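K.L.:
Protein sequence lines, in the order shown, are assigned to chains P and H. Okay, so the first sequence: first residue is 1 according to the UniProt record's numbering, each after it adds one. Okay, so the second sequence: first residue is 1 according to the UniProt record's numbering, each after it adds one.
Derived from the structure by calculation, the hints contain no laboratory data. This one's a predicted model, so the numbers in the text were calculated from it and none came from an experiment. Some clues are possibly wrong.
Stretch by stretch, here's where chain H covers chain P in the computed footprint (C-beta under 8 Å, at least three residues) [unchecked claim]:
no. : region
1   : 119-125
2   : 143-156
3   : 159-170
4   : 173-185
Incomplete in silico selection of chain H near chain P, CB under 8 Å [claimed, not checked]:
no. : residue
5   : ASP148
6   : THR151
7   : ALA158
8   : SER159
9   : GLY162
10  : GLY169
11  : ARG171
12  : PRO173
13  : LEU184
Where is the CB? At the ideal position from N, CA and C, for every residue including glycine.
Below, each chain spelled out in residue letters.
Protein chains: 2
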Amino acid sequence: MPIQERRERERAERERLIVDAARELAEAEGWDAVTTRRLAERIEYSQPVLYSHFKGKDAIMAAVALDGFAELAATLRAARAGAADANTALAEVAAAYTRFAETRPVLYETMFTSAVDLTFASPETPAPLRAGFAELREAVRPSAGDADLDTYTELFWASLHGLTTLTRGGRLPREAQERRLALLLDRFSRG
Amino acid sequence: MPIQERRERERAERERLIVDAARELAEAEGWDAVTTRRLAERIEYSQPVLYSHFKGKDAIMAAVALDGFAELAATLRAARAGAADANTALAEVAAAYTRFAETRPVLYETMFTSAVDLTFASPETPAPLRAGFAELREAVRPSAGDADLDTYTELFWASLHGLTTLTRGGRLPREAQERRLALLLDRFSRG
DNA sequence: TTCAAAACCTAGCGATGCTAGCGAGGAGTT
DNA sequence: AACTCCTCGCTAGCATCGCTAGGTTTTGAA
Numbered sequence: 001m002p003i004q005e006r007r008e009r010e011r012a013e014r015e016r017l018i019v020d021a022a023r024e025l026a027e028a029e030g031w032d033a034v035t036t037r038r039l040a041e042r043i044e045y046s047q048p049v050l051y052s053h054f055k056g057k058d059a060i061m062a063a064v065a066l067d068g069f070a071e072l073a074a075t076l077r078a079a080r081a082g083a084a085d086a087n088t089a090l091a092e093v094a095a096a097y098t099r100f101a102e103t104r105p106v107l108y109e110t111m112f113t114s115a116v117d118l119t120f121a122s123p124e125t126p127a128p129l130r131a132g133f134a135e136l137r138e139a140v141r142p143s144a145g146d147a148d149l150d151t152y153t154e155l156f157w158a159s160l161h162g163l164t165t166l167t168r169g170g171r172l173p174r175e176a177q178e179r180r181l182a183l184l185l186d187r188f189s190r191g
Numbered sequence: 001m002p003i004q005e006r007r008e009r010e011r012a013e014r015e016r017l018i019v020d021a022a023r024e025l026a027e028a029e030g031w032d033a034v035t036t037r038r039l040a041e042r043i044e045y046s047q048p049v050l051y052s053h054f055k056g057k058d059a060i061m062a063a064v065a066l067d068g069f070a071e072l073a074a075t076l077r078a079a080r081a082g083a084a085d086a087n088t089a090l091a092e093v094a095a096a097y098t099r100f101a102e103t104r105p106v107l108y109e110t111m112f113t114s115a116v117d118l119t120f121a122s123p124e125t126p127a128p129l130r131a132g133f134a135e136l137r138e139a140v141r142p143s144a145g146d147a148d149l150d151t152y153t154e155l156f157w158a159s160l161h162g163l164t165t166l167t168r169g170g171r172l173p174r175e176a177q178e179r180r181l182a183l184l185l186d187r188f189s190r191g
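The whole structure should be built from the sequences, with the hints applied where relevant.
P.N.:
Structure follows, in structure tokens:
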């Protein structure tokens, strides 16, 4: 029955519409400005339609976060692929990471604040998260030495994450960010 | 006129009452459960009294955050003071930091989420923030080498912060936290 | 004792996330 | 082609939120 298929397709399209609209609004004005009423108006449907797709506003935020992880993974992949040797690859990946967080602050915050309770290095982790983690792992692999690779990757990710969030929150002076990154790479490059 | 003094004293006491009650409630049930109505009931005053002390709920959260920074600074100081040599001092400080974040998750999150827009290493920074930063700086000083000390401290702080927030958010497996910490110390201990 | 000025409370506003319940219109059956 | 059913999306409304206006009580001084 192709009718059922068409309906499912249309439903999927509308779900995409919701997530994209939510992300655009959030990135432009923050999540407080993304009310269910505004979001419904934006997609030209009524409010309750949102709840036939998502359990609530939190679930919409989680969907946006997942999109963000997919985009981050792609960004890191591109950065790593375009580098000549291992050390510049690591530097490029780190720079791409902070650039990503800097240019999409709301999206980045959503990715790490929303109630997605899944770990990075786990089998049941969503694919985009695993992909991003894998990119980082390959980037740090040459300098891991005899340390456990996953643990080493986690620490590197945590350092990048700490740098970006503290800088974004105004806790660290933004003008010294490059020096901090250089220091980080210095500590993580030499095996 | 001692009457005026008594009033100011009572006002200060009540403000303390508000902040403490807010913190207790938040640590027990999260900030969403800290409504202005519940908070007012808790301190046995009416709602508008809160607004004669603070501009809004955000300001109350900021006050709680500042208390948290003072407590963190004291914790770090105690950890550093009780260590024999430089390397164990650094390890003790790092352990105390993550323990602090682990045992007071809501407080810690408040400290870094609330809209306090002040940097660590700046003259106009509140004292508790400066004190905490100073403790970290002294802890990492012996291993800073020829790197800029403030930048080095900021990177160390950021790494600790990233580890705690990612672990708390469920992004990193909790059972490997000690190994990550050991790896961090390994990278930051040798000058 | 009177009076002005704080101090504080009751009541209510606008907005939020979310849901109940109804009506229209397409899908399937005879 | 007519009828039934059921999915879909809407209107309307609930409970609760942060916050504020306006009046009432209490307080300290004349």
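K.L.:
Does each hint hold? Answer for all of them.
P.N.:
Each hint, compared with the structure:
no.: 1; hint: 119-125; in the structure: holds (count 4)
no.: 2; hint: 143-156; in the structure: holds (count 7)
no.: 3; hint: 159-170; in the structure: holds (count 9)
no.: 4; hint: 173-185; in the structure: holds (count 6)
no.: 5; hint: ASP148; in the structure: 7 Å, holds
no.: 6; hint: THR151; in the structure: 5 Å, holds
no.: 7; hint: ALA158; in the structure: 3 Å, holds
no.: 8; hint: SER159; in the structure: 4 Å, holds
no.: 9; hint: GLY162; in the structure: 3 Å, holds
no.: 10; hint: GLY169; in the structure: 6 Å, holds
no.: 11; hint: ARG171; in the structure: 6 Å, holds
no.: 12; hint: PRO173; in the structure: 5 Å, holds
no.: 13; hint: LEU184; in the structure: 6 Å, holds
Checked against the numbered hints given earlier, this structure breaks none of them.
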